[in-house]
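So the mapping is simple: our numbering equals the position in the sequence shown, first residue as 1, plus 45.
Hints are computed from structural coordinates only; laboratory data are not their basis. Some hints here could point you the wrong way.
Claimed, not checked - Taking CB as the label site, the calculated pair distances span: (1) Gly258 x Arg187: 19 to 25 Å; (2) Gly511 x Asp545: 37 to 43 Å; (3) Arg546 x Pro117: 22 to 28 Å.
Said to hold, decoys possible - Pairs of lysine to any residue residues, derived as SDA-like cross-links and limited to a Cα-Cα distance of at most 20 Å, are as follows: (4) Lys167 x Asp218; (5) Lys167 x Met107; (6) Lys167 x Arg191; (7) Lys167 x Ser306; (8) Lys167 x Arg238; (9) Lys167 x Gln180.
Glycine included, C-beta positions come from ideal geometry on N, C-alpha and C.
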Amino acid sequence: TRAAALMRAIAGMGVRRIHSVSGNQIMPLYDASLDARVEIVHARHEGAAVFMADAAARLRRMPAVALVTAGPGFGNALGALYAARCAESPVILLSGDAESDGDSTGAFQRLDQCTAAAPFVKGTHRLQPDESAGQAFERAWRLALRWPSGPVHLALPADLLAAPEPDHPGPLDAVHEPSASETAEAVAALVSRLGAARRPIALVGPSAARMAGEGALREIEGGHGVPVHVVESPRGLRDPAAGALASLVRSADLLVLFGQSIDFSVGRLAGSGAPVVTVGEDVPQPAGALPGDRLTRISHADPARVLRSLADSRPVAPGHGHSDWLAQARAALIHRVLAQDTPELVSGLRAAADWLSSREDPVVVIDGGEFGQWAQAFVGARRRLVNGRSGCIGGGLPMALAASLEAPESVVVLFSGDGSIGFHLAEFETAVRSGARPLVIIGNDSAWNAERQIQLRDYGTARQVGCELTRGTRYDQAAVALGAYGERVADPAGLVPALDRALAAGRAACLDWRIEGAAAPLYTEWQN
Numbered sequence: 046t047r048a049a050a051l052m053r054a055i056a057g058m059g060v061r062r063i064h065s066v067s068g069n070q071i072m073p074l075y076d077a078s079l080d081a082r083v084e085i086v087h088a089r090h091e092g093a094a095v096f097m098a099d100a101a102a103r104l105r106r107m108p109a110v111a112l113v114t115a116g117p118g119f120g121n122a123l124g125a126l127y128a129a130r131c132a133e134s135p136v137i138l139l140s141g142d143a144e145s146d147g148d149s150t151g152a153f154q155r156l157d158q159c160t161a162a163a164p165f166v167k168g169t170h171r172l173q174p175d176e177s178a179g180q181a182f183e184r185a186w187r188l189a190l191r192w193p194s195g196p197v198h199l200a201l202p203a204d205l206l207a208a209p210e211p212d213h214p215g216p217l218d219a220v221h222e223p224s225a226s227e228t229a230e231a232v233a234a235l236v237s238r239l240g241a242a243r244r245p246i247a248l249v250g251p252s253a254a255r256m257a258g259e260g261a262l263r264e265i266e267g268g269h270g271v272p273v274h275v276v277e278s279p280r281g282l283r284d285p286a287a288g289a290l291a292s293l294v295r296s297a298d299l300l301v302l303f304g305q306s307i308d309f310s311v312g313r314l315a316g317s318g319a320p321v322v323t324v325g326e327d328v329p330q331p332a333g334a335l336p337g338d339r340l341t342r343i344s345h346a347d348p349a350r351v352l353r354s355l356a357d358s359r360p361v362a363p364g365h366g367h368s369d370w371l372a373q374a375r376a377a378l379i380h381r382v383l384a385q386d387t388p389e390l391v392s393g394l395r396a397a398a399d400w401l402s403s404r405e406d407p408v409v410v411i412d413g414g415e416f417g418q419w420a421q422a423f424v425g426a427r428r429r430l431v432n433g434r435s436g437c438i439g440g441g442l443p444m445a446l447a448a449s450l451e452a453p454e455s456v457v458v459l460f461s462g463d464g465s466i467g468f469h470l471a472e473f474e475t476a477v478r479s480g481a482r483p484l485v486i487i488g489n490d491s492a493w494n495a496e497r498q499i500q501l502r503d504y505g506t507a508r509q510v511g512c513e514l515t516r517g518t519r520y521d522q523a524a525v526a527l528g529a530y531g532e533r534v535a536d537p538a539g540l541v542p543a544l545d546r547a548l549a550a551g552r553a554a555c556l557d558w559r560i561e562g563a564a565a566p567l568y569t570e571w572q573n
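Based on the provided sequences and hints, a complete structural model is requested.
Here it is, written out as structure tokens:
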């Protein structure tokens, strides 16, 4: 059957597990997964299944699969799919669909899925009666990986999944690869520009950074003396994890953007006055983002290839003033002198960061909201997953769950606010059932604090409405009821002992840390 062929294609790409919520139209795929030996991690909500696939795709740097049913199941997946699109994460969403001949007969859960999915994905396609399901998946895989990587949708009519796979499918389309000469020309132009600059900065989009690899980015820093920053936060250059990056950009005399649009996330660079070089012909640039005389485009289909080649190249003038500049940049990026007084919050996060640093290659997952911004400021790791440029909140728990399954030998810690955790709290049961062991720290301030801070700033204390949560809610007890370990943490000094106990419990854990709500961290001005 096409269902069996599709599962064989999934397994043939090295996919060990898919993330799903069951439903009528996709039960043939559940059955076929047994013979293909593909594990199904059954979530409690379709959005959570997509968030899980998003985390797996980012960590593995290859496509991951979410499988949902038709109608409302497909609809539930779209919000998380938007987050994956903004993160340039190669998620393949497979959705069951109404029968292929049901368009004119009012079939159950009929919906024009391709039209609905189009704004959320790189490409969307509905399996056709004469088409190979295995080849349709391979095309989706290729498209998801092609720069810039991102989610792809494939709708699967229920009757076709049960039908035979065509005996002689046609050939797959050839994949265009950039020529070596294109890459060499781009690298030569960049080496020349970087050699002539005194204070260059490289800003890298998430897809280009993941596919180039951390090693290449560090080689560019060390070999060319160019500070490299990956732009993956909704707060852009004001990302708390980036310290005084915004001030650094204002001091630069050359900005090179690899696979990064001149959009809201780097909009402040427009005030720096420095010339800007963009790498990647498919990077959309908003009209009027920069004056034409400041912008140079290097048309190349894959910035990751350019980054890797640049890492292997030699600078035109070694040590051309860049070593001092790189030292300044590194100091700016670790700048954490706060403009507000939040000693308890900072001491607890620093203690958690120290605890994590003693673990071998941990994974840190950070959800959105004000507590998430504090965690980004003070907790880091080589493998870090944040909510991404969509600004989406609520995906942290399913992402941490998937990270634990992808890296079972590692400690996985999620930092989530009490507002964010409520979106997918039931996934604690999924974590326990699947054997995932994320450690979840909830900053509980009884509020949607990001929005409350907007109200306080813009409307005053007398005009707060709708952003309070019930004081005294015990998320740790809810997690215990779902099978996880749970504990209330009353003060920062208790956080590390609680983490030790949670880790020793050997299963998913929830630490409900009572905190006072604070606006996202603000730093004092950095002096270079």
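Structure-based check of each hint:
The hint said 19 to 25 Å for the Cβ distance between Gly258 and Arg187, and at roughly 20 Å that hint holds. In this structure, Gly511 and Asp545 meet the distance hint of 37 to 43 Å, their C-beta atoms being roughly 38 Å apart. Judged by the Cβ atoms, the range 22 to 28 Å given for Arg546 and Pro117 is violated: they are separated by roughly 40 Å. Straight-line distance between C-alpha atoms of Lys167 and Asp218 comes to about 17 Å, which keeps the hinted pair within the 20 Å bound.
This hinted pair checks out: Lys167 and Met107 have alpha carbons roughly 15 Å apart, not beyond 20 Å. Annotation: proposed proximity of Lys167 to Arg191 holds, straight-line Cα distance about 10 Å (limit 20 Å). For the proposed pair Lys167 and Ser306, the alpha carbon gap of about 16 Å is at most 20 Å, so the pair holds. Simply put, Lys167 and Arg238 have alpha-carbon atoms about 32 Å apart, too far for the 20 Å limit, and the pair is violated.
In summary, the hint linking Lys167 to Gln180 is supported, as the alpha carbons are separated by about 18 Å, within the 20 Å threshold.
When held up to the earlier numbered hints, the structure conflicts with 3, 8 and fits the remainder.
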